[in-house]
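Asker: Okay, here's what each chain looks like letter by letter:
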Amino acid sequence: MKSLQVSTTINGDAAEFLCAPDETLLDVLRNRLGLTGAKEGCGTGDCGACSVMLNGRLVCSCLVLGAEAEGAEIATIEGLAEGDVLHPLQQAFIDHAALQCGVCTPGILVAAKALLDRDPDPSDEALRYWLAGNLCRCTGYDKIIAAVQAAAAEMRGARDVA
Amino acid sequence: MSLDEYSRREFKQVGTRPRRPDGVDKVTGRAMYGADASAPGMLVGRILRSPHAHARIKAIDTAAAEALAGVKAVITAADFGLPDDDFTRDVQDNCMARGKALYDGHAVAAVAAVDAATAKAALKLIRVDYETLPHVTDVDAAMAPGAPVVQEGRALENVPAGMSANVTSHCEFGHGDPAAGFARADRVIERHFTTAATHQGYIEPHACLASVSADGKADLWCCTQGHFFVRTLCSAILGMEASQLRVTASEIGGGFGGKTTVFIEPVALALSRKAGRPVKIVMSRDEVFRATGPTVSTSIEVKIGMTKDGRITAGEAHLRYSGGAFPCATVEMGGQAAFAAYDLDHVRTYGWNALTNRPKEAAYRAPGAPQAIYAVENVIDELCLDLGLDPLEVRLKNAATKGTKSSYGPTFPAIGLVATLEAAKAHPHYTAPLAEGQGRGLSCGFWFNFGGNSCVSLNVNTDGTVGVTEGNPDIGGSRASISLMAAEELGIPYERIRTIVADTASLGYNDVTDGSRVTFAVGLATIKAARAAIRLMCERAAKIWGIEADAVEWKDGAAVPAGPNAPADVARRDRRGLVRDRRPDRRPPRGQCRRRRRQLWRPSGRCRGRPRDRGDQDPALHDLSGCRQGGASRLCRGPDAGRRGAGHRLGAERGIYLWRRRAVAERGLSRLPHPGRLGPAEDRHGDPGNPQSRPSLRGARRR
Amino acid sequence: MVRVRLWGSLRRAADGLEEVEVRAGSVKEMLDALAEAHPGLAPQIARGVSVSIDGVIYREAWFTPIPPGAEVVLMPYMTGG
Ligand code: FES
Ligand code: FES
Chain B
33 MKSLQVSTTI NGDAAEFLCA PDETLLDVLR NRLGLTGAKE GCGTGDCGAC SVMLNGRLVC
93 SCLVLGAEAE GAEIATIEGL AEGDVLHPLQ QAFIDHAALQ CGVCTPGILV AAKALLDRDP
153 DPSDEALRYW LAGNLCRCTG YDKIIAAVQA AAAEMRGARD VA
Chain V
1149 MSLDEYSRRE FKQVGTRPRR PDGVDKVTGR AMYGADASAP GMLVGRILRS PHAHARIKAI
1209 DTAAAEALAG VKAVITAADF GLPDDDFTRD VQDNCMARGK ALYDGHAVAA VAAVDAATAK
1269 AALKLIRVDY ETLPHVTDVD AAMAPGAPVV QEGRALENVP AGMSANVTSH CEFGHGDPAA
1329 GFARADRVIE RHFTTAATHQ GYIEPHACLA SVSADGKADL WCCTQGHFFV RTLCSAILGM
1389 EASQLRVTAS EIGGGFGGKT TVFIEPVALA LSRKAGRPVK IVMSRDEVFR ATGPTVSTSI
1449 EVKIGMTKDG RITAGEAHLR YSGGAFPCAT VEMGGQAAFA AYDLDHVRTY GWNALTNRPK
1509 EAAYRAPGAP QAIYAVENVI DELCLDLGLD PLEVRLKNAA TKGTKSSYGP TFPAIGLVAT
1569 LEAAKAHPHY TAPLAEGQGR GLSCGFWFNF GGNSCVSLNV NTDGTVGVTE GNPDIGGSRA
1629 SISLMAAEEL GIPYERIRTI VADTASLGYN DVTDGSRVTF AVGLATIKAA RAAIRLMCER
1689 AAKIWGIEAD AVEWKDGAAV PAGPNAPADV ARRDRRGLVR DRRPDRRPPR GQCRRRRRQL
1749 WRPSGRCRGR PRDRGDQDPA LHDLSGCRQG GASRLCRGPD AGRRGAGHRL GAERGIYLWR
1809 RRAVAERGLS RLPHPGRLGP AEDRHGDPGN PQSRPSLRGA RRR
Chain A
8 MVRVRLWGSL RRAADGLEEV EVRAGSVKEM LDALAEAHPG LAPQIARGVS VSIDGVIYRE
68 AWFTPIPPGA EVVLMPYMTG G
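Protein chains in written order, with the working numbering: chain B, 33 to 194; chain V, 1149 to 1851; chain A, 8 to 88.
Source of the hints: derived by calculation from the structure; they are not laboratory data. In this text, all values refer to a predicted model and were calculated from it rather than measured experimentally. Mixed in with the good hints, there may be bad ones.
As the list claims (entries may be wrong) - Simulated crosslink set (DSSO-like; lysine-lysine; CA at most 27 angstroms straight-line):
#  : chain 1 : residue 1 : chain 2 : residue 2
1  : V       : Lys1573   : V       : Lys1550
2  : V       : Lys1365   : V       : Lys1206
3  : V       : Lys1451   : V       : Lys1365
4  : V       : Lys1545   : V       : Lys1573
5  : V       : Lys1206   : V       : Lys1268
6  : V       : Lys1451   : B       : Lys34
7  : V       : Lys1456   : V       : Lys1365
8  : V       : Lys1160   : B       : Lys175
9  : A       : Lys35     : V       : Lys1553
10 : V       : Lys1206   : V       : Lys1160
11 : B       : Lys34     : V       : Lys1272
12 : V       : Lys1272   : V       : Lys1456
13 : V       : Lys1422   : V       : Lys1365
14 : B       : Lys175    : V       : Lys1573
15 : V       : Lys1550   : V       : Lys1456
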């Protein structure tokens, strides 16, 4: 199979890669670009560990082909912190012990940020629905919900001040 | 110093909630899990799996796969030897079927190729000639006469003759006379339960990267709950010496018991050995579910008798477990745990394990116990309903407590069940009104604790901070717990300690992270290591001050003179900064400042004769200069030196001591002195060959 | 002498006894003495056992001393998840 050349933007930086036509975006990120923050838990769109943003939309990168990233803007967990300053969501996950083994965490953080970007003040119910596609086997979801809500409150506060 | 005895103590650090040390790496995507490793020239390994639940493998033709461009190695069971102990052979046969495929998904061959597409294509070219056989997947069916036989000749000596060949072991626990107990009951209920072979379901599939070099040395990076055990299994399977195989545990994306053994690691090593290149294998989720260990499947009968007022008169359980296609002893745990929460006069459990055409069982959260307890607790609940009794009160009434003869033999020490039940009773949730559709349940459970072999190395760094090296993969935050315990013992802040999980070449043997043992056992090793470090530092401080070792004690992270033997003025003088500079050019000239000289070098008023010379012959100074970080001249120059007086404060700006020690935590195991790991001075002055001069963890140097 | 309690299915291998007495000062001495006095126990001991001494469970702690009068119970080799 002939490789395809793809030009894209990842976390604000221009990126080019070659990939096979049947290669997933997740495999491209992990195996070709060294961005191993997104994880493969299932490869079938069930666990959400591979969540990334594609043109502002939350996707399971295991269900997206690398070739589909042509001309797209991609955001991954690696771009969430600004330099050495953690995003409020990241900080809240540490403060609220919302992770244990942590393998689901990158996907959950990307997904939670996607929600807070469109709804800065989600109800618990809306949040649980939104994160229903992200499986965590260790932590128990309550702490995750509490952490996201804490981060949301902090981000709203910062916005109000600004 | 016995750690076995519990004594009440005010904790300063344990019980606080510090930030977990792996937090930032995990929220930024930087943490390295099993599948995140890579190596230059790495090949992709893929495994061909049986589509049949039970089939004889008549032949495997790999020629076409080997001929495919980009394929660097193809292996089958023929590439492995035949370990002579049953346990290792079963693990190996589970990783690569030998002669028969025993379950759907059983590995039959593997390839290593330059990329995933080539590896996949190569698998399609492997021809396996199967003769399918009748299969059995249900434990009761497997125990019935005439059932398809999964493996011949696997029954242990404890299985009575005449049973199905699938029955591999039998066990029995308990005491008293259940029949007599049932006769005294007002109500007896007997029920049958089955539980499925559910999977641990960790989010991270198994992954490993193996690299075997031409000289036989090998490195293995994998996600596991016990890399030392991985080394044991893989070196036995590959016919290697353990010293030549270094295993590094990655961050682990959940295990729940399922990562306490190997599935792909020996395969990756064999492929790498054959191909001469690193090989990475990452399981798909489908492979995880088809070919890695779920828990046992079970079929259980429970019979319990109870009086009208809620006293259990007798309990009996028949437990039939299947650990899949290989013998498994998990039913023994179920048999012991089933009734262990209760104080019973008459109790008996009978356990059987049978082979079925299912994946080989792996541990899963108190393996074997929840299934049996689930059955027992259901029957107790039904009795409560029947007799109109409160399920919590009934459990309180029958709860095992200190002095209870447990259903599996030992007499319990204090076990806390009554206190737990009382706390549940007092909790608002226990009486909160229930909304429509809500329910409330209650169950007791039981699990053991068995310590296990643990090795910790604790180093005081050159700047006084501390590194703790442990050998158990951190599943739930144990690095934080271990750091906390070290901080507590040493009396220094948690932040000044970093605990890491070392590879198998860097530390003594550690048992697997299993059975809830790590915080307990590795914690004990850490506490011992910290206390040994303190003892050593106090001894060195005593030498520096020229006072007796027992006149130094460790307080708030510092060695301080103490006790009746301590010269009263040491602290005062040090506070004035006199023990400061031993460099000859800064020394007060002889005769010019005699008083100060005496204070510097003869802190003890009881010192006889000439002020002690601090020349190069003084072992204490050897110690310090060995640090190459300023040595003795920096002794009390830390930021705290002025304030803390004579304290040698950990965390002071210059290192004072270099210290390494390992501790073996299995209580009762002989302590292993390790002369090679001591600071430079000991290396020179101690004779490692002479047991008398060997330091031990129990303060032999105090003699 | 150490009195060792056996679990149910081991008793058949020890002439039906629930408790057996052996002369031993440590776990290893006890296991060796048991296997010698009751060869039927040897296969299980070789496969591995845990030992409870006064309610504390040991695994592979061969040199742990057994205090006089201690309650000693043989248990299957413990594993966990
Ligand atoms: S790996 Fe993409 S959803 Fe699970
Ligand atoms: S923390 Fe382990 S899966 Fe979520």
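Asker: Below or equal to 27 angstroms on CA atoms is what counts here, so check Lys1422 (chain V) against Lys1365 (chain V).
Answerer: holds (13 angstroms)
Asker: Below or equal to 27 angstroms on CA atoms is what counts here, so check Lys1160 (chain V) against Lys175 (chain B).
Answerer: Holds, at about 26 angstroms.
Asker: Taken at face value, is the distance from the CA of Lys1456 (chain V) to the CA of Lys1272 (chain V) at most 27 angstroms?
Answerer: Violated. Lys1272 (chain V) to Lys1456 (chain V) sits at ~66 angstroms, over the 27 angstroms cutoff.
Asker: Verify the proposed pairing of Lys34 (chain B) with Lys1272 (chain V), using a straight-line Cα cut of 27 angstroms.
Answerer: holds (20 angstroms)
Asker: Taken at face value, is the distance from the CA of Lys1573 (chain V) to the CA of Lys175 (chain B) at most 27 angstroms?
Answerer: holds (25 angstroms)
Asker: Is the straight-line distance between the alpha-carbon of Lys1206 (chain V) and that of Lys1160 (chain V) 27 angstroms or less?
Answerer: violated (66 angstroms)
Asker: For a C-alpha distance cap of 27 angstroms, please report whether Lys1206 (chain V) and Lys1268 (chain V) respect it.
Answerer: Holds, at roughly 23 angstroms.
Asker: With the threshold set at 27 angstroms, check whether the alpha-carbon distance from Lys1573 (chain V) to Lys1550 (chain V) stays at or below it.
Answerer: holds (20 angstroms)
Asker: Next pair to validate is Lys1451 (chain V) with Lys34 (chain B); report whether the Cα-Cα distance is within 27 angstroms.
Answerer: violated (67 angstroms)
Asker: Need the status of pair Lys1545 (chain V), Lys1573 (chain V): alpha-carbon distance at most 27 angstroms?
Answerer: holds (13 angstroms)
Asker: Measure nothing beyond the straight line between the CA atoms of Lys1456 (chain V) and Lys1365 (chain V); if it is 27 angstroms or shorter, mark the hint as holding.
Answerer: violated (68 angstroms)
Asker: Assess, step by step, whether the Cα of Lys1451 (chain V) is no farther than 27 angstroms from the Cα of Lys1365 (chain V), and give holds or violated.
Answerer: Violated, because 56 angstroms separates the two Cα atoms, which is more than 27 angstroms.
Hints 2, 3, 6, 7, 10 and 12, counting from the list given before, are not met by this structure.
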